[in-house]
Amino acid sequence: MNMKVEQQYITLFKESRDLLDNNSAPVMNKYRQEAFDNFERLGFPSKKVEEYKYTPVSKYFEQEYGLNLSRLDIPSKPRDLFSCDVPGMDSIQAFLVNDLFHQEAVKGLPKGVLLGSLKELAETHPELVEKYYAKIANHSKDAIVSFNTAFAQDGLLLYVPKNTIIEQPIQLINLLRSDVDLMSNRRILIVLEEGAQAKVLICNHTIDQVNFIQTGVTEVFVGANAQLDFYELEETHTQTVRFNNLTVHQQADSNVLLNNMTLHNGVTRNSTEVVLKGKGAHIDCHGMAVEDQNQHVDNTTLIDHTVAHCTSNELFKYVLDDHSVGAFTGMILVRPDAQQTNSQQTNRALCVTRDAKMYARPQLEIYADDVRCGHGATVGQLDETALFYMQARGISEREARLLLMFAFVNEVIDTISIDALKERLHTLVEQRFRGEVQKCSECSICK
Amino acid sequence: MEEANKYVKEFTQEKYKFGFTTDVHTEVIEKGLNEDVVRLISAKKNEPEWLLEYRLGAFRHWLTLSIPTWAHLRIPEIDFQGISYYADPTAKKKDGEIDPELLKTFERLGIPLNEHNALAGFAVDAVMDSVSVKTTFKETLREKGIIFCSFSEAVQEHPELIKKYMGSVVGYKDNFFAALNSAVFSDGSFVYIPKGVRCPMELSTYFRINAINTGQFERTLIVAEDDSYVSYLEGCTAPMRDENQLHAAIVEIIVKNRAEVKYSTVQNWFPGDSEGKGGVFNFVTKRGICEGEGSKLSWTQVETGSAITWKYPSCILKGDNSTAEFYSVAVTNHHQQADTGTKMIHLGKNTSSTIISKGISAGKSENSYRGLVRITPNADNARNFSECDSLLIGDKCGAHTFPYMDVHNNTAVIEHEATTSKINEDQIFYCNQRGLDTEEAISLIVNGYAKEVLNKLPMEFAVEAQKLLAITLEGSVG
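Heads up: the protein sequence lines correspond to chains V and D, in order. Be aware that the first sequence starts at 1, since it is given in this note's numbering, and climbs by one per residue. Be aware that the second sequence starts at 1, since it is given in this note's numbering, and climbs by one per residue.
Isolated chain D, as found in the complex (with noise of 0.2 Å):
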């Protein structure tokens, strides 16, 4: 308990702790987007010709959508001329080796890129702007025929797997941040675990967006065949700057017979100061696809960064008896706006989908679930269960919930519940009479509260998570 204490004592003191800045020597391209930036990006990562043209004709789609308006965010607009479409902060040296700078940059963020570190247990991939920097732990890995590199690697060296599966689940044309980053995207993970293979451990990916004035758009591809097993998580920091920065991210996950994967997301992104200023623009699209007979997906994601966050993540159930879940904690302070939730497609037979989702919003911020569960003509004895909670702290936020359900199969059983209330006052009360001010009151109650969730993240993480839940709602009291 008095642990408990001083965790969130020092981390109450202090604000975003991520908020430096590297000075690394960085490549960046011409600010602005045209089609010869989207060759000149697919030039320098050296791609084939056919991956060219996919990322062309997702530009070409890109110019004929405009931002979409439905999510119940005030989103500012958007200069897409303005910004950098690629920054290269590996591109001085050319040996492979990285630049200590770098390695210092992640060694700050607690990310340890050196496999010498074997307490950490978790194997990185480093994506620092446009490049990875490095991954870890490959080799090891490669012995059980697990491939797990960055996207750009994997172009080159498995082309036939990227081009089999890339963008066959989430295609340029589902939405307008999606057809962005099928044209500009700059790296990402790869990962493919082979058939019967249980990866043996935690793989990650960390983002942080360095240089100024840049977007970031990556794109992370999870394949998992037949009976195997991957847990992986993401991790994201980025810069205190005045000047918002976009990134706009496509995570597909294909997951096969009797496989299991499970996405975990703690995503600490700059939320802008306390004033709205300055924050990254978080637009992302999320989805996997239970293919095979018995599959399982499992979305676990803690959002407390980011000035807007719009993103949610999906499974589409088409093996018969799959499974998927969606746990989420979203919290919003001060100016921040969150619009998150998830779809759940139910389109085999005997498919479950549980969704369990909190908000919390405190300051000014908005704070919205949304949600589609829907159940197609042959999805028989479907079964969805949605609990969505939400917590205000204040009374200048909002907590919102919007969720839909179409079902036409008369065998699914689908149930709804959500519920909206403040911090119960008893619950302070007696944690203030028992020697915690309010403060720390709060910050227990919300740990609490989003338990559930938290208990569902790889131990490492669920760490990380319940500090960051004290640190977002810091100042949100009084």
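Isolated chain V (complex conformation) (with noise of 0.2 Å):
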């Protein structure tokens, strides 16, 4: 293999890991070493591996970052930084900058929730760290995990305890800020125990104009009747590349809905893998992604209906416009014994210029003979009819196209459950399409 590009991360690892171990947690170094082996073992995975056919990884890591390993604290008042919230949407605000967890007293917590820097909870909780951490992100098969898992200091522990419900949503501001280009690694813990509620939102934002690499590796353990909402909205710049690796871990009756949206970006790479593990699990997995100029989305899923009687739906949306690449896989896996699975999947891609390129892939692997799984993926156009039916009532071309467009992905957009999100994200992808994203008054990121 040329160990080429690796060598670099090699190097490094070898040469800071005091530096690594002494700015975090003991829980967390403890997996470093096994992580870096598997790391040097896997390489980046190149284009003949499967999962990430259709992005060349290594290439984004070949270019020298900068990191922050003696977590020296990069200057900023997020809350000067950033303000356009979202209007009407009263949520407990938390900020993580790159990967440091910013430290503000978090108000407006139930008793007994957790909410903070992953690396101090984990020297004030070990016990709970140690038992949820780096348990389910595979860091012996995924390249990236092991990069994670070898490279991560913090990041954020949102815990919450049996049968607790916080009612509003939990909305985690992470800013990629820095003078020079910055590679990040960043690691999000969240537990909700048995009969827990919670809505956590993720805005992902670029400030500076400077190239930007975050990896990022997300473990979610939702207890038995627990309900979890989970929105990752992006708006990065283009010279971002972002490599998101999401587990979810199900037991019974529980109920999670994500939904992973890409506005404006560089390149992504989502990777989301649902383990429903217990009976009467329900999942709802969805994503858009709205891209132009040479914008990359690749969102990978894989739900994996390991025990009967649990149900997932998935739905993904593409707008592609100018050069940019959209790619979809969504693997449906049902193992033996998961009988009365019920289990559908759509990707629709809408592809503007000629120049737009798609890849989809819906997979289904089905070891059961008792399930109900069925798969839909479509590539076109508006449809022209509809656009002629539209002129024919006087509304213009252009109009009809933005109305149909945001038709389009307004099914992925409806399915949130906070009403000021929705509506937010309505203006958001209205601008969008009619290029204004970056207009937003209120806050200096768009100034």
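Don't take each hint at face value.
[Unchecked claim] For each label pair, taking beta carbons as the anchor points, the in silico distance ranges come out as:
#	chain 1	residue 1	chain 2	residue 2	range
1	V	69	D	57	50 to 60 Å
2	V	404	D	452	24 to 34 Å
3	V	384	D	168	37 to 47 Å
Hints are computed from structural coordinates only; laboratory data are not their basis. Every residue, glycine too, gets a C-beta built ideally from N, C-alpha and C.
Grab the two chains, each in its own frame, and use the hints to assemble them into the complex.
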């Protein structure tokens, strides 16, 4: 294997092992060496690795980035930088600058709920983090996960105890901010105990016009009867590269809604793995991408039905303009004893220009017979008759196109359970289609 | 209805009925594969120098390759040196006469090598092991200018055509098995339909593996000139043996302006016994090119046999306004494994393709659909519709779908749909109520499920295919 690209990271790891350890928690350090060995063995996935076929990983790691290994506090006042929150959404806000949790008291949390820096909580609650950290994100198989596990020093922990309901949505604002090209390795751990309920919204933004690369590993444990709505919204600039791995384990009768929306980005690969481990669990896994220029969005999902009586529903939509590239891989795996599974998957893509490319791979792997599984995928253009109909009624062609495109992605937005966020996204998407995405007047990001 | 029931009964009580062997004198060359073997095969066929060079080139390339592992198959190690690459059952008689045992074999298989049997209405090229035994109706076809003969004969009599077209659609660098076939291929069929000719009868090839420890490597080449039409059938069987047999074929089809080729296969190689012992490993590369304006290529396949099936009949839609179709029924039972599907490569403008695939898995088998639809940047207004359904019978089997869609042109409209489910219990109950036992009911439902594809087969084959479905699923209930 040509390890040229990997080499700089191998050297870095060996040279700065102490720095990594000293600025992180023992629980996290425990997995470092093993994960690093795995990374050294795997190397960055080439195009021959089926899961990474459409996103050439090593190309993006070639460049030199700075890493904030000694955890210097990057001077920033996120509240000043970022104030275009969702109007009308009464949320609990927390900030991550790169992968550093921004020290600021988070208010309004019910008793027993933990929300804060993963590193610090790992020091104060080692047994809790020990129980969950690096347990489900498989660092022996996926090179990005092993890379992240080897280098991650901090991130966020959200812990919701048994039967606790957090009414207000938790909004986690992840800002990428740096004066030099920067790599950050973000780690998020979310644990919902039995019967707990929470809504989490992660917003990803870039602030500075430098190159960013971020690997992210998010591990989510959802206990029996628990309910989680998890939204991830990306509005980064075109020099941003993000590799995200989200792993969710669901116990019996739990209900999870995932929604991953990419409105503006550089290169993004979102890998989502949901394991349904208890009977009666339900997952809604949705996503959309609105792309133009040379943007690249690759969504890879795996819904793993391991037990009987689980249901899953997937919906992914893409609008591709200019030279953008969209990729979707959706695997539904039904294991031998997962009878009575009901699973649906839909992937639709709209190519606006000739140069846009779409790769769709909906897949079914089924080992149980009493199941209903289906997938549908389409790639195409706007319906000519619908366009004509609207034009015949006095709507200009441009407007008609916008309306239809808007309606096309609305199907995904409408699954959002937070009304204020839904409203906000309607506006954002409309602005995006009209080419006005960065014209929000309130905060300094947009100015 | 009663008639149909009788059929089902008759055939569900039967095991693999083509499992007999024929005792004919067969000349088999030494086991093993090396350059000398390639030279020997070429010499036996009295081939021109360029063809030997082609074979050697393929062999040298093959040495650099390893067996592909991307398919959803568990392929046991194959000892390529433990196989004899050439077996000739006609060797004894040199005066052109055919061993009566051979004729009997084909008679038992229901293949009329006798031209008096006018009822049959189709011309046959019968291939046993490495050699074409007989081609019927050659003269009748020649009057129309159609060439239908064995591949070796074509090499001798029409070298210019073979040289021009062989390897033009499936080059030996294509894949591991294509390289192997290109090095050691023994016989097969060659069809040439001249400009403007509509072939008056169905052409067919019947392949049979008989000799022990041999592999069969045949090539089929079909060239349809402008405005011509041909419907081509392919059937295959093998004796029941405990060892696995290897079959690696290449089919190439060239369809020119406004011509139409319909290629149907009923694949019934020995699938191995109910314990998964024996059976044929079927690794086939089939590809056609719609070269001209408005040409049409249609693949229909009924896959019931083979222990392992690795087969992706594909179409390259190069000509503008060309059309391609792929209809498939793949049935797996016991320990069979199938990974089959198609590739539709759209290059020309206004091209359209249709994929209908029906998979049925029973017993402990694994059945996968794998397909690619690629729309290249210049393929304006391309259209594809794909439908892949899987039916599961029993909870020990697997049904998988792996479609790929690469779209590089925004004027394309691509639709893909797939569903997986078990046989509807209400339907079985309904049949039970009306006096059909469960096995009959399943056979009926499965036939209905596969009807969309079976209807595309020429009549003689459709009947056989229906019977085959019933046999293959036998014993899958309870």
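Now the hints, each set against the structure:
{"no.": "1", "hint": "V:69 <-> D:57: 50 to 60 Å", "in the structure": "holds, 55 Å"}
{"no.": "2", "hint": "V:404 <-> D:452: 24 to 34 Å", "in the structure": "holds, 33 Å"}
{"no.": "3", "hint": "V:384 <-> D:168: 37 to 47 Å", "in the structure": "holds, 38 Å"}
Checked against the numbered hints listed earlier, the structure breaks none of them; every hint is satisfied.
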